[in-house]
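Asker: Protein sequences appear in the order of chains A and B.
Counting from 1, position 255 in the first sequence corresponds to residue 255 in my numbering; the numbering is continuous, with no gaps.
Counting from 1, position 285 in the second sequence corresponds to residue 285 in my numbering; the numbering is continuous, with no gaps.
Hints should not be assumed to be uniformly reliable.
Here are the simulated DSS-like pairs of lysine-lysine, each with C-alpha atoms no more than 25 Å apart in a straight line [unchecked claim]:
| id | chain 1 | residue 1 | chain 2 | residue 2 |
| --- | --- | --- | --- | --- |
| 1 | B | K23 | B | K405 |
| 2 | A | K90 | B | K295 |
| 3 | B | K374 | A | K93 |
| 4 | B | K39 | B | K23 |
| 5 | B | K70 | B | K23 |
| 6 | A | K90 | B | K405 |
| 7 | B | K39 | B | K295 |
| 8 | B | K23 | B | K57 |
| 9 | B | K10 | B | K39 |
Residues on chain B that point at chain A, a partial pick, calculated with CB under 10 Å [stated by the list, open to error]:
| id | residue |
| --- | --- |
| 10 | K57 |
| 11 | I58 |
| 12 | R59 |
| 13 | G124 |
| 14 | H245 |
| 15 | G262 |
| 16 | V265 |
| 17 | Y329 |
| 18 | G331 |
| 19 | G352 |
| 20 | L354 |
| 21 | V382 |
None of these hints come from the bench; they were simulated from the model.
Ideal placement from N, C-alpha and C gives every residue a C-beta, glycine not left out.
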Amino acid sequence: MENKKQTEAPDSPPAPAGPVIHVAPSPHSYSTSLTTRRMMLDVLMATAPLVIWAVIQFGVGALIQLLVCVVGCVAAEIAFTAMRGRCPMKAVKDLSAIVTGVILAMSLPGTAPWYVGLIAAGSAVGIGKVVFGGLGQNIFNPAMVGRAFVVICFAGALAAGAYEVPADPDADTIDVVSRATPMTVLKTGAEAPAVPEASETTDSAGADEDDSGVSITSLFLGNVNGSIGEVSAIACLIGGLYLCLRRTAAWEIPLGVIAASAIVTVLVGLCGGGAGLSLLDFLGYHMFGGAMLFGAFYIATDPVSSPITPRGRLIFGVGLGLFIMLFRMMSAFPEGVMFAVLMMNAIVPLINRCTIPTPVGGPAGGRK
Amino acid sequence: MTALSDIPGKGSFPRGVHPPEGKLFAENSAVEIPPQPAKVAIPLLQHTGAPAESLVKIRQEVTLGEPIGKAGGFISAGVHATITGKVGKQGVCTLPNGRHVSMIPITAEGDQLEGQALWDDCFGGYWPTEGLEQYSHEQISQAVGDAGIVGLGGAAFPSHVKFARNEAKPIDTILINGCECEPYLTADYRLMLEAPQPIITGALLAARAAGAKNVIIAIEDNKPQAVETMAQAAGSSGVKIAELHTKYPMGGEKQTILATLGRIVPTGGLPLDVGVVVVNVGTAAAIARAVLRGKPLTHRIVTVSGAGIANPKNLLVPIGAGYAELIDYCGGLRDNAVRVVAGGPMMGFTLGNLDTPVTKGSSGLTVLTASDIKQAEETNCVRCGRCVDVCPLNLVPTKLALASKHEDWDLARRHHLTACMECGCCAYACPASLPLVQLMRVAKAKMPRD
Numbered sequence: 001m002e003n004k005k006q007t008e009a010p011d012s013p014p015a016p017a018g019p020v021i022h023v024a025p026s027p028h029s030y031s032t033s034l035t036t037r038r039m040m041l042d043v044l045m046a047t048a049p050l051v052i053w054a055v056i057q058f059g060v061g062a063l064i065q066l067l068v069c070v071v072g073c074v075a076a077e078i079a080f081t082a083m084r085g086r087c088p089m090k091a092v093k094d095l096s097a098i099v100t101g102v103i104l105a106m107s108l109p110g111t112a113p114w115y116v117g118l119i120a121a122g123s124a125v126g127i128g129k130v131v132f133g134g135l136g137q138n139i140f141n142p143a144m145v146g147r148a149f150v151v152i153c154f155a156g157a158l159a160a161g162a163y164e165v166p167a168d169p170d171a172d173t174i175d176v177v178s179r180a181t182p183m184t185v186l187k188t189g190a191e192a193p194a195v196p197e198a199s200e201t202t203d204s205a206g207a208d209e210d211d212s213g214v215s216i217t218s219l220f221l222g223n224v225n226g227s228i229g230e231v232s233a234i235a236c237l238i239g240g241l242y243l244c245l246r247r248t249a250a251w252e253i254p255l256g257v258i259a260a261s262a263i264v265t266v267l268v269g270l271c272g273g274g275a276g277l278s279l280l281d282f283l284g285y286h287m288f289g290g291a292m293l294f295g296a297f298y299i300a301t302d303p304v305s306s307p308i309t310p311r312g313r314l315i316f317g318v319g320l321g322l323f324i325m326l327f328r329m330m331s332a333f334p335e336g337v338m339f340a341v342l343m344m345n346a347i348v349p350l351i352n353r354c355t356i357p358t359p360v361g362g363p364a365g366g367r368k
Numbered sequence: 001m002t003a004l005s006d007i008p009g010k011g012s013f014p015r016g017v018h019p020p021e022g023k024l025f026a027e028n029s030a031v032e033i034p035p036q037p038a039k040v041a042i043p044l045l046q047h048t049g050a051p052a053e054s055l056v057k058i059r060q061e062v063t064l065g066e067p068i069g070k071a072g073g074f075i076s077a078g079v080h081a082t083i084t085g086k087v088g089k090q091g092v093c094t095l096p097n098g099r100h101v102s103m104i105p106i107t108a109e110g111d112q113l114e115g116q117a118l119w120d121d122c123f124g125g126y127w128p129t130e131g132l133e134q135y136s137h138e139q140i141s142q143a144v145g146d147a148g149i150v151g152l153g154g155a156a157f158p159s160h161v162k163f164a165r166n167e168a169k170p171i172d173t174i175l176i177n178g179c180e181c182e183p184y185l186t187a188d189y190r191l192m193l194e195a196p197q198p199i200i201t202g203a204l205l206a207a208r209a210a211g212a213k214n215v216i217i218a219i220e221d222n223k224p225q226a227v228e229t230m231a232q233a234a235g236s237s238g239v240k241i242a243e244l245h246t247k248y249p250m251g252g253e254k255q256t257i258l259a260t261l262g263r264i265v266p267t268g269g270l271p272l273d274v275g276v277v278v279v280n281v282g283t284a285a286a287i288a289r290a291v292l293r294g295k296p297l298t299h300r301i302v303t304v305s306g307a308g309i310a311n312p313k314n315l316l317v318p319i320g321a322g323y324a325e326l327i328d329y330c331g332g333l334r335d336n337a338v339r340v341v342a343g344g345p346m347m348g349f350t351l352g353n354l355d356t357p358v359t360k361g362s363s364g365l366t367v368l369t370a371s372d373i374k375q376a377e378e379t380n381c382v383r384c385g386r387c388v389d390v391c392p393l394n395l396v397p398t399k400l401a402l403a404s405k406h407e408d409w410d411l412a413r414r415h416h417l418t419a420c421m422e423c424g425c426c427a428y429a430c431p432a433s434l435p436l437v438q439l440m441r442v443a444k445a446k447m448p449r450d
């Protein structure tokens with residue numbers, strides 16, 4: 001359907017002065033509160049707490065990573081859209097490439113070289129979005145497509161060990177970025193390499209606030225190692241709640257993810273799989289550690305790759321939570337969010353098909 | 001003293017939207033009566049159903065209220081002369097919805113009923129709420145049919161058909177629709193303020209005709225004065241007033257029934273399937289006039305409003321008057337007017353020709369300026385789900401629009417395309433400016449019938 005065209009009333013002669021009236025189909029009234037661009041701006045605003053904490057925790061490197069990813073995404077959008085023969089500037093104007101860039105940057109480790117970010121950005125927007133037809137047409141979350149591509153291509157740069165910056169042996173305190181990520185700690189138990197005093201982190205139940213412990217408080221605030229955007233649970237919660245209140249993100253998805261993951265975590269913990277931690281600590285590790293909250297509020301809620309009805313979204317969230325825990329517990333990777341999101345994205349068309357809402361008054365049929 | 005009562009429904013329905021009400025333009029303008037027009041063009045089809053058949057010949061002289069067209073079937077309605085004068089050559093006119101229909105022109109000659117006399121003839125005098133038992137169901141239905149009464153709320157369904165008795169589907173409630181949920185329109189509101197008595201009488205007569213025990217008048221809560229006047233007029237007659245939450249489309253009969261009575265009309269069905277008949281307040285007043293005074297439907301109140309008209313007003317006009325004359329009476333279009341809509345901004349039809357006649361279903365004219373409308377370019381659907389969140393019928397408009405674009409009729413059927421009532425909530429809420437309603441209309445027109 002092309003743009004609404006302005007046409008003069010067919011019978012009216014050209015008036016020397018006075019109003020020019022045109023015809024158009026109803027409705028003639030529009031909600032002014034929301035545009036697609038506004039939704040993208042909302043997401044960018046919601047990432048502000050993440051970016052701020054990332055810079056505090058990881059320094060200027062985080063900013064460079066952000067810049068590289070955003071520039072890479074915008075450049076890829078322009079290049080691929082032009083290749084498709086469409087207007088590239090129109091595609092960039094809706095800010096979705098910038099949003100993808102920010103989310104992608106937040107999901108990468110601070111230690112990743114610049115070319116990793118660039119290639120991730122290129123494949124995220126180019127292969128994950130534009131090739132499908134541009135905004136609104138992609139099946140998979142573009143940021144996760146990009147990240148998955150570099151996880152496999154540059155396995156060393158995104159492995160669990162790559163997160164750890166070698167510690168300065170002469171320093172008095174252990175820098176946060178030289179420690180293993182919380183998920184790695186859970187996965188590998190006390191044998192996390194290159195981390196002094198790592199053994200103390202896993203067997204102290206209800207760990208106190210000491211230099212080497214990864215306490216729940218640290219996880220909540222973000223005083224841990226990890227991808228630059230995922231570390232601070234509280235930043236994710238603040239931004240995430242903002243998105244939910246603005247209705248830019250559907251609340252059913254984070255609810256489903258967190259609830260399902262929490263239940264699985266508690267069950268695993270009760271069955272003795274709690275890595276030696278108390279049940280509450282184990283729950284805290286999984287909820288606040290890793291990309292759980294970042295994924296639940298920022299990645300999974302991408303409207304294009306998630307279902308369209310509230311019921312479908314809840315199912316999506318629950319499935320995502322289950323998959324995240326499955327990958328975290330059973331796979332070789334310490335973190336499960338990225339592949340879980342991609343799996344659920346693939347299932348979304350099926351979810352949409354199975355959750356077609358019944359109209360008020362029953363299904364249409366028979367009478368035409 | 002007030003008859004506000006507990007209603008079985010919750011007073012609202014899920015989803016829907018809240019467009020800016022725009023009622024301030026005309027809600028405080030008492031109904032005015034412009035001078036009767038020199039010419040009227042009375043369409044033979046201004047109702048749902050079969051067209052009326054002409055009863056008159058060219059150059060025949062007719063008086064106000066004389067039948068000039070008889071019903072062309074059971075689901076049809078007759079038409080009457082709305083001014084005194086001479087019949088012209090039967091022609092064709094274009095209705096606001098784009099249909100070309102036959103019309104009978106009448107040129108005014110002789111004395112016309114005007115001004116206060118016309119108002120008193122339509123709405124003035126005494127309207128009893130007691131002693132209506134003397135009118136039988138058959139008498140009432142006959143009088144309503146003879147008067148050519150159709151739903152004045154917009155759908156223009158012949159009213160006598162609604163009162164036809166059906167053993168299998170008895171009616172227990174008459175719901176009088178005073179919601180007027182479309183922005184800008186205030187015709188029903190002014191009627192409720194200025195002439196509540198004939199509405200009550202008409203409601204009671206409608207209940208007798210349908211065999212209903214309950215009569216409820218539904219009014220949105222943004223019209224507290226109307227609730228007051230109607231409650232006073234209802235007095236101890238047994239008519240209840242239900243104050244409903246203000247939301248669009250509360251005035252859509254399925255939503256009104258859901259909000260007032262908590263009953264769900266089946267998709268593709270009618271209110272009579274749940275034992276209800278819905279009647280607009282203007283129709284109720286016309287029913288009272290037809291049964292008690294034997295007068296046909298010849299005039300109605302229309303609102304001319306919007307930021308693009310010089311002086312917004314509510315007018316009592318004869319059916320068949322041209323919209324151009326109403327616009328002139330209201331001071332003309334302002335220079336910033338860009339769209340002239342017959343009806344309200346959510347579901348109204350734009351006029352391409354201002355000589356279109358006022359019909360029985362016309363509730364008003366809304367003149368919109370550039371800042372009222374959005375002429376944004378359509379962007380990609382990001383599946384945000386806003387349309388799903390607001391659709392009062394719980395459909396998935398974005399999928400229906402997709403089905404329309406790709407002519408995927410399986411997809412359209414799976415998502416219940418035919419249940420859509422084109423209320424406009426989805427397009428109202430869409431952040432990508434997709435013309436959802438238009439796409440669905442096109443799909444409905446193109447979709448092959450089973």
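Asker: Now look at each hint and say whether the structure bears it out.
Answerer: Hint by hint, here is what the structure shows:
Distance check on the hinted pair: K23 of chain B and K405 of chain B sit about 36 Å apart at the alpha-carbon level, beyond 25 Å; violated. Straight-line distance between C-alpha atoms of K90 of chain A and K295 of chain B comes to about 61 Å, which puts the hinted pair past the 25 Å bound. For a cut-off of 25 Å, the pair hint linking K374 of chain B to K93 of chain A stands: about 19 Å separates their Cα positions. As the CA atoms of K39 of chain B and K23 of chain B are separated by approximately 31 Å, the hinted pair breaks the 25 Å bound.
Between K70 of chain B and K23 of chain B the alpha-carbon distance is near 37 Å, which puts this suggested pair outside the 25 Å criterion. A C-alpha spacing of about 21 Å is found between K90 of chain A and K405 of chain B, which places the hinted pair at or below 25 Å, so the restraint holds. Distance hint between K39 of chain B and K295 of chain B is fulfilled; the C-alpha atoms sit about 21 Å from each other, no more than 25 Å. Among the hinted pairs, K23 of chain B with K57 of chain B is inconsistent with the structure: their alpha-carbon atoms are about 43 Å apart, more than 25 Å.
Taken as a hint, the K10 of chain B and K39 of chain B pair is broken in the structure, with Cα atoms around 48 Å apart against an allowance of 25 Å. The interface hint given for K57 of chain B is violated, since its Cβ lies 29 Å from the closest Cβ of chain A, which is over the 10 Å cut-off. Checking I58 of chain B against chain A: minimum C-beta separation of about 25 Å lies over 10 Å; hint violated. At a threshold of 10 Å, the smallest CB-CB gap from R59 of chain B to chain A is about 28 Å, leaving the interface hint violated.
Nearest Cβ of chain A to the Cβ of G124 of chain B: about 36 Å, over the 10 Å cut. The hint is violated. Because the smallest distance between the Cβ of H245 of chain B and any Cβ of chain A comes to about 17 Å, over 10 Å, the interface hint for this residue is violated. Among the interface hints, the one on G262 of chain B is violated; its C-beta lies about 12 Å from the nearest C-beta in chain A, farther than the 10 Å criterion. Interface restraint check for V265 of chain B: the shortest CB-CB distance to chain A comes to about 6 Å, inside 10 Å, so the restraint holds.
Of the supplied interface hints, the one on Y329 of chain B is violated, with its beta-carbon coming no nearer than about 17 Å to a beta-carbon of chain A, more than 10 Å. Hint status for G331 of chain B: violated, given a least beta-carbon distance of 13 Å to chain A, over 10 Å. Look at G352 of chain B: its Cβ gets to within about 4 Å of chain A, closer than 10 Å, so that hint holds up. Given the 10 Å rule on beta carbons, the hint for L354 of chain B holds: about 8 Å separates it from the nearest Cβ of chain A.
Look at V382 of chain B: its Cβ gets to within about 5 Å of chain A, closer than 10 Å, so that hint holds up.
When held up to the earlier numbered hints, the structure conflicts with 1, 2, 4, 5, 8, 9, 10, 11, 12, 13, 14, 15, 17, 18 and fits the remainder.
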